[in-house]
Amino acid sequence: MAITETIGSATINGLAYIGGLARLAGSSVRTIFIEPIRGKKFHFGRAVHQAMAVGVEALPIVSLISFFIGTILALNAAYELRKFGAMQVVASAVAISMTRELGPLMTAVVVIGRSGSAFAAEIGTMKVNEEIDALETMALEPVDFLVAPKFLAMLLMVPCLTVWADFMGVLGGGVFGVSAASFTWGSYISATLDALQSRDITNGLIKAAMFGLVITAVGCQEGFSTGLGSEQVGRSTTSAVVKSIFMVVVVDLIFTAIFYLTAPR
Amino acid sequence: MASIPTSKGDNPQAPTGAAISVRNLRVNYGSREILHGINFEVPAGETLVILGGSGSGKSTLLRTLVGLETPSGGEIWMRGKNFAAMSEEDRDELRKKMGMSFQGGALFGSMTVGENVALALQEHTELDESTIEIMVRLKLDQVGLSGFENYMPAQLSGGMKKRAAIARALSMDPEILFFDEPSAGLDPIIAAGIDDLILKLKKAFRITIVVVTHELASAFLIADRMILLDKGVIVANGTTKELQASSQPRVRQFLDRIPEPELTGEIDYLQMLTGDVPPIRQ
Amino acid sequence: MDISTRQSGTATIVDVVGDITLYNSPEVRKVLLNLLKEKKSPRVIVNMLSVKYIDSAGVASLVEGLKLSRDLKSTFALFGLSRTAQEVFELTRLVRVFEIYTNEEDALRGGSPNTNAAPVR
Ligand SMILES: Nc1ncnc2c1ncn2[C@@H]1O[C@H](COP(=O)(O)OP(=O)(O)O)[C@@H](O)[C@H]1O
Ligand SMILES: [Mg+2]
Numbered sequence: 063m064a065i066t067e068t069i070g071s072a073t074i075n076g077l078a079y080i081g082g083l084a085r086l087a088g089s090s091v092r093t094i095f096i097e098p099i100r101g102k103k104f105h106f107g108r109a110v111h112q113a114m115a116v117g118v119e120a121l122p123i124v125s126l127i128s129f130f131i132g133t134i135l136a137l138n139a140a141y142e143l144r145k146f147g148a149m150q151v152v153a154s155a156v157a158i159s160m161t162r163e164l165g166p167l168m169t170a171v172v173v174i175g176r177s178g179s180a181f182a183a184e185i186g187t188m189k190v191n192e193e194i195d196a197l198e199t200m201a202l203e204p205v206d207f208l209v210a211p212k213f214l215a216m217l218l219m220v221p222c223l224t225v226w227a228d229f230m231g232v233l234g235g236g237v238f239g240v241s242a243a244s245f246t247w248g249s250y251i252s253a254t255l256d257a258l259q260s261r262d263i264t265n266g267l268i269k270a271a272m273f274g275l276v277i278t279a280v281g282c283q284e285g286f287s288t289g290l291g292s293e294q295v296g297r298s299t300t301s302a303v304v305k306s307i308f309m310v311v312v313v314d315l316i317f318t319a320i321f322y323l324t325a326p327r
Numbered sequence: 010m011a012s013i014p015t016s017k018g019d020n021p022q023a024p025t026g027a028a029i030s031v032r033n034l035r036v037n038y039g040s041r042e043i044l045h046g047i048n049f050e051v052p053a054g055e056t057l058v059i060l061g062g063s064g065s066g067k068s069t070l071l072r073t074l075v076g077l078e079t080p081s082g083g084e085i086w087m088r089g090k091n092f093a094a095m096s097e098e099d100r101d102e103l104r105k106k107m108g109m110s111f112q113g114g115a116l117f118g119s120m121t122v123g124e125n126v127a128l129a130l131q132e133h134t135e136l137d138e139s140t141i142e143i144m145v146r147l148k149l150d151q152v153g154l155s156g157f158e159n160y161m162p163a164q165l166s167g168g169m170k171k172r173a174a175i176a177r178a179l180s181m182d183p184e185i186l187f188f189d190e191p192s193a194g195l196d197p198i199i200a201a202g203i204d205d206l207i208l209k210l211k212k213a214f215r216i217t218i219v220v221v222t223h224e225l226a227s228a229f230l231i232a233d234r235m236i237l238l239d240k241g242v243i244v245a246n247g248t249t250k251e252l253q254a255s256s257q258p259r260v261r262q263f264l265d266r267i268p269e270p271e272l273t274g275e276i277d278y279l280q281m282l283t284g285d286v287p288p289i290r291q
Numbered sequence: 023m024d025i026s027t028r029q030s031g032t033a034t035i036v037d038v039v040g041d042i043t044l045y046n047s048p049e050v051r052k053v054l055l056n057l058l059k060e061k062k063s064p065r066v067i068v069n070m071l072s073v074k075y076i077d078s079a080g081v082a083s084l085v086e087g088l089k090l091s092r093d094l095k096s097t098f099a100l101f102g103l104s105r106t107a108q109e110v111f112e113l114t115r116l117v118r119v120f121e122i123y124t125n126e127e128d129a130l131r132g133g134s135p136n137t138n139a140a141p142v143r
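Chains as they are written, first to last, in the numbering used here: chain W, 63 to 327; chain F, 10 to 291; chain V, 23 to 143.
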């Protein structure tokens with residue numbers, strides 16, 4: 063009895079939470095694409111500013127992490143493959159795991175840590191300082207003003223970062239392939255290109271775009287639900303990171319399953 | 010109790026002449042009622058001062074008037090329209106004609122002082138950037154902050170933040186202005202400057218002004234009318250002269266600055282200390 | 023608000039009828055800047071007799087006109103401020119910055135501006 067009740071209310075809360083995320087995304091879409099047609103201005107400047115913070119400033123850390131991940135993938139693959147003398151398969155193992163899974167996922171993790179948490183902190187601080195209230199009294203809709211530029215920036219920048227992460231991952235795998243297996247740079251690259259299908263890359267990018275949306279929605283939602291008092295901002299930030307990681311994994315699972323089911327055999 | 014508003018928010022019974030008219034207003038935070046049926050009017054072009062002790066609900070009243078809190082009962086009429094029954098567009102139009110300076114300033118921390126003041130103008134008007142720059146300097150000059158437009162809010166003292174917030178509230182040349190404790194924590198000279206500004210704004214722009222304040226001297230200087238709020242009810246409402254002449258004990262206590270008597274009776278006191286009296290419900 | 027210009031000797035008089043506000047002051051600004059910059063008018067005089075209300079956007083537009091006239095070595099004057107307009111100029115401490123006259127004749131004659139003149143109406 064008690065257990066069904068708990069499960070029931072948890073489900074309702076979960077659905078309500080997702081409903082909140084969808085509302086944020088929905089009204090942002092309206093602000094970015096529909097309102098400008100009706101003559102209301104949307105400030106692309108603010109989106110560009112966000113895009114710099116989300117994308118350009120994340121490049122060094124994304125590069126480093128995905129390079130290492132590429133090397134780690136190569137090492138792990140080689141560990142098994144050398145038993146069968148199939149070291150030439152290392153290149154394709156790295157390329158496929160990177161583009162389909164780890165490129166988008168590791169990029170998402172970095173973006174959660176850098177931007178998702180920052181969104182929650184920014185909006186949470188504004189909530190605590192009554193800045194959100196001030197926006198409302200100035201007839202400025204907080205979602206239009208704060209959230210929409212973030213959605214646009216993330217929708218563009220997370221896929222871009224992911225492409226770069228894919229490339230760095232392949233490079234990281236190549237370092238192992240060239241130094242420890244019998245690859246030359248030329249043969250490693252051509253083995254990679256042979257193994258990759260355009261589907262691998264586009265599927266990865268679709269995931270990346272979805273991750274971008276989820277991270278923005280969760281970060282902003284946590285910011286807006288910040289309670290009274292500045293110590294609540296810390297709570298919101300932590301919660302944004304944990305919930306985003308969870309949601310990204312769930313979305314990853316859903317989309318990977320869809321790609322599997324719709325793939326040509 | 011509350012009459013049924015028409016869809017447009019217009020009503021033949023709309024109070025005429027008053028810029029703001031509040032009828033039987035009730036406001037809750039959760040299950041706790043903060044304002045218990047408030048009634049008052051502010052005639053256009055007049056200044057209303059809301060007096061009352063800490064926690065009496067002054068900020069809550071102001072927040073409700075600008076639409077940040079939703080009343081659980083009663084009506085707010087502004088410029089002849091029912092606030093609750095307005096469409097989103099009408100409400101935004103009304104808000105462009107209102108200015109609010111928050112108790113804590115509520116400046117946008119990620120923008121300079123100048124950007125704070127310019128924001129509404131940039132978003133809501135087609136004014137040229139050069140005109141907006143001059144307007145920002147005019148407003149900052151009016152609050153004594155000339156030359157600070159490139160400062161970040163974090164670089165300002167508490168009193169300067171408050172004045173910057175007032176400049177921001179003035180940015181759109183509002184018809185109705187709300188101030189939450191504009192001079193609390195300011196030095197006497199600056200505080201007098203704020204009083205002077207309020208008087209001048211009223212004279213030059215015929216603005217309707219609602220001010221929450223603790224400073225009695227300032228209140229009597231700027232007010233046309235006053236209300237005294239106590240634990241969420243209005244205990245006195247009248248012109249400045251009427252309040253000054255009032256013999257009502259609560260008014261006299263406030264105006265003559267007589268401290269609250271201590272808890273009467275040893276039993277009550279003991280019960281409070283031992284927790285037998287339930288604390289205030291959240 | 024309506025705005026029109028007419029010539030009187032070398033001076034150009036700008037007749038403004040109606041309130042100058044946040045929403046229509048760009049029009050006033052455009053006319054003033056055009057007169058000074060393109061038409062090279064040596065003296066621009068704004069007729070405020072029919073302006074009952076001017077807000078700070080209107081004031082700011084006039085300040086822009088004044089600034090440009092200084093830069094271009096031409097002159098800029100106002101006349102016929104209503105009582106409220108006079109109060110707005112006092113609040114913004116601009117009564118001494120602008121050349122302000124009570125009526126058109128004085129404004130055209132120029133000379134020492136009558137800054138502390140009583141409001142016309
Ligand atoms: N956001 C809130 N949530 C719950 N209670 C609140 C909130 N804000 C204020 N209160 C309570 O409402 C009462 C009135 O507060 P307030 O309007 O800020 O008083 P004042 O401005 O007169 O000092 C206080 O008892 C306070 O505890
Ligand atoms: Mg308060």
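The hints are simulated quantities; they were obtained by calculation from the structure and are not laboratory data.
Keep in mind the model is a prediction, meaning the values are calculated, not measured.
It cannot be assumed that every hint is accurate.
No more than 16 Å apart at the CA atoms, straight line, and that leaves these computed lysine to aspartate or glutamate pairs for EDC-like [claimed, not checked]:
hint: 1; chain 1: F; residue 1: Lys209; chain 2: V; residue 2: Glu49
hint: 2; chain 1: F; residue 1: Lys106; chain 2: V; residue 2: Asp77
hint: 3; chain 1: V; residue 1: Lys52; chain 2: F; residue 2: Glu135
hint: 4; chain 1: F; residue 1: Lys105; chain 2: V; residue 2: Glu109
hint: 5; chain 1: V; residue 1: Lys74; chain 2: V; residue 2: Asp37
Hint check:
As the CA atoms of F:Lys209 and V:Glu49 are separated by approximately 28 Å, the hinted pair breaks the 16 Å bound. For the hint linking F:Lys106 to V:Asp77, the alpha-carbon distance of about 12 Å falls within 16 Å, and the restraint holds. Restraint check for V:Lys52 and F:Glu135: satisfied, since their Cα atoms lie roughly 13 Å apart, inside the 16 Å limit. Using a Cα cut-off of 16 Å, the hinted pair F:Lys105 and V:Glu109 is violated, with the two alpha carbons roughly 23 Å apart.
A distance of roughly 13 Å separates the Cα atoms of V:Lys74 and V:Asp37; the hinted pair therefore holds under the 16 Å criterion.
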